[in-house]
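Chemist: If you want the building blocks of each chain, they are given just below.
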Amino acid sequence: MAVFISAVGFGVVTAAILAISAVGFTLQFSVTNVFNLAFGSVMTLSGFVAYWLNHAGLNIWVAMAAAAVSGGLISLAINEAIYTPFIRHGLNLFGMVIVTISVAVIFDHGLQAAVGPTFFSYTAPAGKAFRFADFVLTRQELIIVGIAVLLTILVQVALQYTRVGKAMRGLAINASLARACGVPTRGVIALAWFVSGVLAGVGGVALFLDISTFTATTGSEFLIVIIAAAVLGGIGSPRGAVLGALVVGIVTEVGAAYWNAELKDVLAFGVLIAVLLVRPQGLFSRLATERAIAR
Amino acid sequence: MTGKWKSFGIAVAVVGALGIAACGSSSSSSSSGPKGNLEFAVFHAFSGPNAAYGPEAAAGCYPAIVEINAAGGILGHKVHCTPVDSKGEPADAVPAANRMIASSSSLVGVIGGGSNEATAVVPLFQQAHIPIFSTTGQSSFDHNTASYFWRILSPDSAQGSAMAAAAKKLGITRAATMFGNDIAAQGSAPSAIAGVKRLGLALPASQTLAVGQSSYRSEATAMSNAKPQAIITEADPQTSATYFSELSQVGQVPKLITDPVSQEPNWRKAMGGAIGTTLLNKQDYAVVAYSPATLPAYKVFTSELMASAKHVPNPSQWNADLYSVADYDSAIIMALAMDAAHSDAPGVYNRYVTKVTAPSSGATIVHTYAAGKAALAHGKHIQYVGAVGPVHFNQWHNAGNAFAIERYVNGNWKVYSLITAAEINAAAGF
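Going line by line, the protein sequences match chains H and A.
Sequential numbering of the first sequence, starting at 68, is according to my numbering.
Sequential numbering of the second sequence, starting at 100, is according to my numbering.
In case anyone wonders, no lab produced these hints; they're calculated from the structure.
Just so we're clear, the structure is a prediction, and the values are computed from it rather than from any experiment.
Hints should not be assumed to be uniformly reliable.
[Stated by the list, open to error] Covered by chain H, per the in silico footprint, the following chain A stretches (three or more residues, Cβ under 8 Å):
no.	stretch
1	141–149
2	231–245
3	318–325
From the three backbone atoms N, C-alpha and C, an ideal C-beta is built for every residue, glycine too.
With the hints as constraints, model all of the structure from the sequences given.
Modeler: Rendered as structure tokens:
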């Protein structure tokens, strides 16, 4: 029982880290319909901003806040400078995916050329460890879980109760109708990119803190599991992304504890396939309308 | 299918298609050198997760060509190193190798082909009659029959046995194992586990990790609960750093019995960042092929490495890296074989590799390219004793090494203890 409890606890920590990024990824996709595979690159770039600030003497949590802002700005800039011109030219969904992959490759390889193919770590001690039987939680992990909970609640509340949140949801359901109803789509889309980037920045730093060390390509390497969490929960649903992250995190940790550590991914993605067979739209998604890329 | 799901389906298809396309479109930086020049290809990963392997191999090639060119080149030809990115993946390595073979008329030898791609590319170089000096540890090459394949360092199976023998030598009675599930790490895992059992040590935990995960907390907890005195381990830097960071949070990091990977700057940087350099240096016992830095050829390697700063950034970081050292020797051996054969044709000089390395009565022992070239010019037989020590190739073109346990002390690797052949044989069951 102690093993199970600790595995579930570890799964929750993993889920919290994945959830921040998964919410960011799915929020932006739901509003813009751009399947942004450069999201991992934004995580990495922001992570490096935090790294440079952290090594300049800044506390890691302050550096994380700066990474969040820089992530938002980078995400916004990518959309404005690169994606929007393609969308204006009427590039289809398929073409946009290619563009986002190209951006990811350019950013990752450009960054690797600049910083070198080596590993980086933050100067941030894990802090005091809290033990509950076999389950150990460090102060750093506790803070990350707290940040994840806070951010996901903030996003959910904003989407549910604020004007701009409602506008985002309107865009997610039907962009043309939202525009006809007077929603300032361009501003709302820009805000979605910014918020998504903020979450990528926080998620990147949280992930890199958790895995202890990172390279110029680490964000992109973890994108697949972030997308998996978003898809499992229902692409376009922040609440679903959290639930998806919980399933992925807990299944992998319980799988590693009871089954075979080598096959934890097999188990997690097996569950993903099984859930999608029963519920192809994911656990929470309500988006099911014919949509094009929002402009 | 609704629009949302249709677009998602398209996106997934595109990701897959692009992945396949990327595999087939990897670019190599292969190019022919100036007319009359000869070319050694450094065929390794220069991008992707194993992007450090390429610079590591280049840190062996460039010092060698400094030495060779300073001695007048090979048969009057200057020689240069050409980095070619294999990306550490067979799907990328094969087209890169094919392009390199097809496009470079001055290519005379290949340094590289790591464990991840060697099986895929060695047949290509064999077919093209181009010698390849590989640092792969894969056991599938233990009885290699490809005449153009050469391996200076011991195979992973010997490495694993040496790691088990090291545990015994260190007085360990409870030794756990933790290996990544990638090809490179799995090479030494079976012989290490078998060695632990054969030597009568308790094996309280034996883990194979899926590499590149965001968490290994459950695995680290299981390892901590097993309370081993030492962990025999090989995994990539990212996996090692995440795992041992989490192990240090749930319990104690015991002695680590590692392999040459732990001497790579990237591995130490990642692990140092994860658990702290003090703890890492205190607990790490690296089991590596014995190659004392006092060997004459090693001193030359060090000197030429420092002279290669133009092509090798921060060259001192590679001075204790056994793979760089072995790659240096590989280039020197190929150059001497060409001199001995009086030909730079790969199909000709390949047969002379053993003639410049095998011990024989009356052979002049040389430690540098210049000395070897001079002796050959005087009609003497030579035996090159390189920076890794004597290189005795067997009938399968494998050369073995003695092993040592080394520790990182005050910024340098120091030999802590030698592991004898008898100790390794006991672990290997010979």
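Chemist: Each hint needs a verdict: does it hold in this structure or not?
Modeler: Cross-check of the supplied hints:
1. 141–149: Since 4 is at least three, the answer is holds.
2. 231–245: With 0 residues closer than 8 Å to chain H, the stretch 231–245 of chain A misses the three-residue bar; violated.
3. 318–325: This one holds; 4 residues, not fewer than the three required, reach chain H with a Cβ under 8 Å.
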